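Residue numbers (our numbering), protein chains in the order written: chain E, 1 to 501; chain U, 1001 to 1632.
Hints are computed from structural coordinates only; laboratory data are not their basis. All the given hints hold, so there is nothing to weed out.
Computed spacing ranges between beta-carbons, pair by pair:
1. U:S1569 x E:F23: 56 to 62 Å
2. U:V1018 x E:E220: 53 to 59 Å
3. E:E220 x U:E1212: 41 to 47 Å
4. U:D1366 x E:P450: 19 to 25 Å
5. E:D488 x U:A1418: 58 to 64 Å
6. U:F1458 x E:T169: 52 to 58 Å
7. U:E1212 x E:T169: 55 to 61 Å
8. E:A375 x U:R1565: 16 to 22 Å
Derived contacts from chain E toward chain U, CB cut-off under 8 Å, selection only:
9. M183
10. A310
11. V339
12. N342
13. L401
14. P402
15. I429
16. A433
17. R441
18. A444
19. A491
20. L495
As the structure is a computational prediction, the values presented were derived from the model and not from experiment. The beta-carbon is built from N, C-alpha and C at its ideal position, and this holds for glycine as well.
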Amino acid sequence: MQSGYILLATIAVPLFAAVALLFVPSRHKDAIRAFSVAVGFALFGLSLYAFFAYQLSQVEQYQFDMRWMWIENVGILGENGITLHLGIDGIGAAMLLLTGIVTFAGTLISAKIDYRNKDYFILLFLLVAGVFGVFASLDLFFWFFFYELAVLPMYLLIAVWGSSSVFSTFARTKEYSAMKLTMVLVGASVLIFIGIFAVFVEAGLGTFDLPTLYEVEFDENFQKIIFPLFMLGCGVLAGLWPFHTWSPDGHVAAPTAVSMLHAGVLMKLGAFGIIRLGMQLLPEGAEFWMPVLIILGTINVLYGAISAMAQTDFKYMVGYSSVSHMGYVLMGLATMNAVGVNGAVLQMFSHGVMTALMFAMVGSLYDQAHTRELAAFGGLVKRMPHFVAFFSIAGLASLGLPGFSGFVAEFNIFLGVFRTYPALGALGILGAAITAVYILRMMARAFFGPENDKWESLQDLSRVEYAGGAVLIAFIILMGVYPSPFVDRIADSVLRIPGIG
Amino acid sequence: MNMTDAWLLPLLPAAAFVALTLLGPWLPRKGDWLAVGAIATVFVMVLLIAADFTDALAAHGEEFAGAANSTQWLEVPGQLELRLGVHVDATTIVMLTVVSFVALMVQVYSLGYMKGDSRYGWYYAVISLFVASMLALVLADNFLLLYFAWELVGVCSYLLIGHYNHLRSAAEAAKKAFITTRLGDVGLLIAIILLWRATGTFNIQEVIAAAEAGEVGREVLTASVVLLFLGAMGKSAQFPFHVWLPDAMEGPTPVSALIHAATMVVAGVYLVTRTLPLFQLVHGGPELILAVGLLTTFMSATMGLVMTDIKKVIAYSTINSLGLMFVALGVGAPAAAMLYLFTHAFFKALLFLGAGSVIHATERQDVSSLGGLWSKMPITCVTFAVGALSMAGLPILAGFWAKDEILVALLDNKAAFALAMATVPLTAMYMARVLILTFFGDPKEPESHEHAHEGSPFIFVPLVLLAVLTVFAGFVAFDQVGELMGFPGGIGEIIFLGHPHAFHFDWNVAIGSSALVLAGLAAGWFAWAARPSVPGVCLSMLRPVHALFANKYYLDDIYQAAIDRVVLSIARLVAWFDRNAVNDTGIDGGGYTAKFAGYLMKFQQTGKMPNYALGMVIGVVALTLVAFTLKG
Chain E
1 MQSGYILLAT IAVPLFAAVA LLFVPSRHKD AIRAFSVAVG FALFGLSLYA FFAYQLSQVE
61 QYQFDMRWMW IENVGILGEN GITLHLGIDG IGAAMLLLTG IVTFAGTLIS AKIDYRNKDY
121 FILLFLLVAG VFGVFASLDL FFWFFFYELA VLPMYLLIAV WGSSSVFSTF ARTKEYSAMK
181 LTMVLVGASV LIFIGIFAVF VEAGLGTFDL PTLYEVEFDE NFQKIIFPLF MLGCGVLAGL
241 WPFHTWSPDG HVAAPTAVSM LHAGVLMKLG AFGIIRLGMQ LLPEGAEFWM PVLIILGTIN
301 VLYGAISAMA QTDFKYMVGY SSVSHMGYVL MGLATMNAVG VNGAVLQMFS HGVMTALMFA
361 MVGSLYDQAH TRELAAFGGL VKRMPHFVAF FSIAGLASLG LPGFSGFVAE FNIFLGVFRT
421 YPALGALGIL GAAITAVYIL RMMARAFFGP ENDKWESLQD LSRVEYAGGA VLIAFIILMG
481 VYPSPFVDRI ADSVLRIPGI G
Chain U
1001 MNMTDAWLLP LLPAAAFVAL TLLGPWLPRK GDWLAVGAIA TVFVMVLLIA ADFTDALAAH
1061 GEEFAGAANS TQWLEVPGQL ELRLGVHVDA TTIVMLTVVS FVALMVQVYS LGYMKGDSRY
1121 GWYYAVISLF VASMLALVLA DNFLLLYFAW ELVGVCSYLL IGHYNHLRSA AEAAKKAFIT
1181 TRLGDVGLLI AIILLWRATG TFNIQEVIAA AEAGEVGREV LTASVVLLFL GAMGKSAQFP
1241 FHVWLPDAME GPTPVSALIH AATMVVAGVY LVTRTLPLFQ LVHGGPELIL AVGLLTTFMS
1301 ATMGLVMTDI KKVIAYSTIN SLGLMFVALG VGAPAAAMLY LFTHAFFKAL LFLGAGSVIH
1361 ATERQDVSSL GGLWSKMPIT CVTFAVGALS MAGLPILAGF WAKDEILVAL LDNKAAFALA
1421 MATVPLTAMY MARVLILTFF GDPKEPESHE HAHEGSPFIF VPLVLLAVLT VFAGFVAFDQ
1481 VGELMGFPGG IGEIIFLGHP HAFHFDWNVA IGSSALVLAG LAAGWFAWAA RPSVPGVCLS
1541 MLRPVHALFA NKYYLDDIYQ AAIDRVVLSI ARLVAWFDRN AVNDTGIDGG GYTAKFAGYL
1601 MKFQQTGKMP NYALGMVIGV VALTLVAFTL KG
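The following block holds chain U by itself, in its conformation from the complex (with noise of 0.2 Å):
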């Protein structure tokens, strides 16, 4: 398997879904067999592709910039030519380990989470699509089939979301996903065709290439870069954009575990990771993304805190996780943002398969109605438990790594770094807070406790793979355990960029970080599980805060009045407008003319004989003088 067949990996979940949207009604078990299939032969694809990458990694040095393969897909002669092709490097491999990892592991889990479901067969399908998507996105060596990929990714989510269809708010939270991201859509294809007005060419490497040599506009270049930022902002739901990954929690479990770990939202941290270079280029592009990444880590941190339901808890997390995603690209520091992405896939799969798992056995998903679930599900709870600590930070487990990576590369930048600090134990505090309200604690509602039981092999073995993996995947940072596991060099070459020794580990930092993970985890235990008046009191004086951040600081309602009020306002305008104005006077308006033209005129058939010699003799002496003035 030769890195220059990677092509074929996208292709192979893609046909998936073509045999199950055509012939699943008669496939057997409504061909889930194909699927889960497909992507287990594409993982293990994937493995060969990175074994052949890093062997010529070791061959060719850290010059190796990659391997591209691409086939022309539309010519207009001598003006266009749009190439499809792949382009497999260090980021795409960890990319492609990330999605085509977790697809097996979700798609597994659905074996057994989403049984007897009315549209099982078609659920199969999508789940391929979106996959297959996401795959040929990663791979993607020009923008052009980026964006194909791209919105693919858009409607397959919007499937996903919408999938119980028959309920108002799934109905509600898929279009809102879909066209919260669509408007980010619109600034990337811009500045895909602006950068391509400049360079004459998608393909990715060379537009960055061509840009480095000066060859963009420095107006161009700076509203390009803020352009395909704003399409990166909507898939990765970053402050402003946000609002559409909360609500994106009515599709099923898996699906979020899906989204959120590996195919929808790390798509903008992999757009920023790749086009890194073009926003270092322009003056202030690098503040943009860190600014943006700061503010919605914190601002997601606070409205997590206060949120019931567990699966939102987490989506808070996800938006938590991405913006510190973005802080690190806004340092310069891609390969902190990787590892993070790395771990995170982890770590954010298992917390949401964890919760599936727990609403799978209760069928409530509301803290409030939860609790005391460990004795009854000792698997998910243990699970449960590594996955959020992982999210909190704590040391040793994958998210420690990742997480202290991303601070030491602030360390330089003290606002940034203090920001980012103050939101840590704030992470911690609400991860401790689902844990213990979930699992801990006396349960709320005894009857649905009563029947709460861990669910068939297919969805605790995703779990404990999943936990293992948030276990040791940090110490992929260290090379001598990528040696232990046959890649001559580490892992770590791979995950760096090809930088094995870009791993900064500061002892200070660790320490710092470490104390702050265990002062928010105390701070939970203690109000939620040690004194639970505690929240009751802080709720009491902090009303106001309170309804700020569990109204998600009322963008929500924000955008609603917007759309209610002012676009659809115009909208009706422009059609009334349209009625009236446009056709009922202009084009009516023609008509009616020409029928008072033909009113008038018929005046002039009298039938009268006199009335008619009277006008001939006016014609004709009119003639004669007119004759007579043009002679003279």
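Chain E with its partners taken away, still in its complex shape (with noise of 0.2 Å):
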């Protein structure tokens, strides 16, 4: 049986959630812990559910439907004018999924968080319904709505819980990136917003429902205008260059499972709103648009890579191959056929899972070692096989190694590519030679070798870690292994969206 609750509740229940533990006191430490713990774990089983209830052979787009009014026929509102319309397809099931997963990873890794956990883990659940309701919405104002309730929270949770960073050459405070990355975020909404507004405009329908928008074929001049407005407002919050820099900064500022919610789903909402509003929207400007795209998201993945590969900090390391790997995306949606752009989603949710479960270790390591400074460690193996362990998986299943999702996804960009732009392609997959280099330079340098006495202290995982990087671990493998029942829903819905050869 089919839904459209399923939807609904993956975004009411974060938000009761976040409301009913305002009435928490805040000194039952340990009961919001479980408090929160459960609620991540429900949402993962939503998310779940929802994923696999989704219908293969179903002959509409949109499954889980269901709409409720709220305003029509008002000025220049006509019918369906905005409405909470939600409703998935095989690319939003994905998300979803990877939300669900985050999620609960993210909820057990916060566990560990002592101070004002209670506001954490309201502004914590208020982000994720926001994530949820962008993946889906099927009308452009709650997708809007959503997508700047998914952008907010961050700016606190990374001010008050974050951790600054100084190095001998530049130093980075938490407020400082945390303001970067809130104001860079909405600058860019900014343009969506204004995109958004134009295409209501355009149709002249009143209404604010995509599938009805879908319908309209737009003006060929007003849509290689607009589509850019998309392209750059949602590329942005998808680390596009030269507008990167607020996810080194941020994710590194943030703690541990705030960076891994942001880079782990937050980066995927401006992917998904290139999908969404961008190509699905205006399919000719998107072919328009798209050989400026490729050529971005190749600098990103090279430009990314080669800079982790200079970075003596663990995290900074991490959120600069985010930015190298969000650029398959950009390269797998810039191709416009559907091989890439199937790739690119699947991209999309095999990063979210590898680059999580590499915060989470980077964080499980600087809680206890309060240094993330690469060239400070050595031999960890010996005190921390488990960390070692897990840590090594991200870092294998981010050079694509086959048998790990990055591999899949990131062979079936590379075909996407070299259909149309073999250089590019070979670049491409140049860069994910340059991601061994600095994955196995760290490994060797940190992991490895003869300890140091001064880590004697450290513990392995703690077992909410443990659990939080296996679920993490169990779907790198499964879609590595397995990639038919991802495949098999996003494809179906890629091969749907116009313009798609």
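Dock chain one against chain two, each of which comes alone in its own frame, and use the hints as you go.
Here it is as structure tokens:
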């Protein structure tokens, strides 16, 4: 049985959890922890259900379709003016599952948080509600509403629970990083906002309903002018070069679970927006601008990987690797062919679980050692074998090792890119080799070799960290070995995007 | 057991890997019996499949192309279908036999050698995955599965080379092996995708058929073949990618045996054998293989001559052999290459396991601290000698038949023949050197010599078995031997890829090469046993040459400098640019601009009435003027 209430629940459960937490006295820290993890688990269950209940043979594009009227036939709004219209296609299903997984793992990891953990979880659940909302919304107004809801709690989460970094040549305070992240993302969302209103006015139907707007054939020049607004506006959240610098600084400053959610899920909102708003609404605009996007994406891949190689800090390295990996998503989208876009969506999922795992592991180390300096470590494998195993799995997945999710995704992207731009495809593959260099350097330096006596007191992963990591790894391997459940859902929806050949 | 059931082969050790990884600590004996049981079963199954194959070959005759079986893995409807499948033909059978047998020997040997290791269970888990990957690689009917397995082989070797991970050197060696081979893999992956783009399929047979039908453009095919070869060069440690292989000696010795004889470095040879028709379609393709092979085989022989670590000498001998296999492929004699690969597997595994036995007994691996071990370890000494002489190419040992087959194939190319012949005495000489310095003469460290002894049966039984095979394996070249063993038409039919009468024996070549081998051995005996002062004299006369060889032609240093000076400098530059130009100037600049604009604007807020009144007057006048101008 399919019901739109599932999607509503993924949004309502975290919202109600946030409200419920308001009434819990903040001294009951353990109760708050237990409650939050339970909510995370419930969301994981809901998203897993939605993913597997998604019917592969269904004719219509959006499933779990449900609509709640909010405003219609008032002023400029006509029929179905603004409605809470929820529904997912295969792409949404995969993204929903990703959000559920990372949220669950994130709440587990966040059990470590002690300072004002009630406030922390309230903000975290607001953010999560926003993310679920974006992936499930089929109404431009609510899409944007949830988009902003997902971005804004970041500021407080980073500025209050984050950490500042000081290096010999430069320093980044958490306040600076939080401010930059928020300002850049809000600035970019202004472009999306303008785009949304332009589409609303140009269509002249008085509705923000996406499926209705998808039927409209917009003027070609209009499409060419408006598409870049979506491409840049959403692209910035996906880490598009040269507007990516909020990402490494922000992710480094953020507390562990927030980095996991942000790099793991929020950056995907950007790529998702390029599909939902850009490619689906304005296919001709997309076709016109995609050559630009693929070049920017290629720069992302190489520039991010090369920058990551020079980092001396664990978390900065992971942050720049996200910039690099999101470049593959952009490249895949920009191919405008089914294989490449399919690969891009796979990569969105794959990078989400993989980078969440990496940030979780970095957090585990930092909480104990209070430094993230790569050169300060060595021989960690002796004291922290599970930590090293988990981190290595994330690392090997990110360098595209077959058997892990990264390979399936990147392979599809490369095939797609090679169809139209062989030279850029070759550069993309080179990027994977550079990734191998910095990942393996990091592993050899910090994990292996003689043990550094300074770190005798380090403990291996705690039980919650182990559980969170294991959930993420399960999906990294599932997609790497048996990608069909993902591809079957995604490919079918990708083929329905107009202009995909 | 049918050929089409061959997909089971990699799954067995893979299942052992999963079981050992998840349940390892709770299994009795850490689960080693599971791993050994899996590979033993695989070996039996391989024999059954080989029997099925020879039956089919007898039934269908020479046109029999092999059996295939595949299943869908991933599909984008109408656009892309990725399949995983197996293909069994003569080449596959040879490879399967080699891989499963050597792996079985190594795993049994490890029961003794690795006993008491702190990560014993993990060792057996990874080695199982290693074998599973290699089996999948040789069975793959398409490039996708081949690449999949190819990379897994790479990561398993990474894990095993770095097994003693508390050593900085092991961690660095593992990293070096993985990165070096992966650079080659970039080429392989691009080649696979280019070929897919041109032919629309990943299936190896179909790609070759399409290329032969001229469906692939000349430039694309040339590029693909060169890039494909890069991948093979990386894995098979061909010059200039060979630098990782000697360093890979940091791993446990049984692992070295496995990597060198069966599961890693021969993958490149296998890949080129499989895709040889593609190379032959490209102008200069075979010549490229030949040139790289010759250069590699000659340079490795010179380096092997000066190494003092027993394992490193054997490692260079492997590069030497691999070069020779590529030479054979380059002149279009894949059968000779496969015969060499087949026999090489036995004597190379034997050499490494013999070296391991020495290391196990003495805890020394530098020949300058060994010596005189024959009296303490007679079994190891005799079996190692058999391996070394086979590597040198002494008649009737397995290596002799294979090496001569390659030399015969080279007869048409005088320059290549001469260079290959020149390498023969060099090889014999350094094999004699390592044999003499390890087992004969006076012990250089009497204390460790005193404690040396033969290991457990787990260690010496595989040595004896491999030594026996090293003596006799070459005879498979003769059909009568195969028929005696119950294969209709002889084993040569399989080894020679279905061309039963491809074995060429040339008395002139045999006599010539044997003379050179004997000369090399004699020179080795003279220099290191009869007149031990000779090497010192030579050293003082040829110091620069010795330094060149001992420093591996300085390639390691050049690479290291390129990474430290060039690559990392560029990376730091980019990171600096990102921080200072993109972020602090670009992004923050936007913020500062807004802030500065606000700063300028605030002066409008003077709080004085006359200023505001003046502003209003100017505004009204300006608007009026604009209105009139527009109207007029």
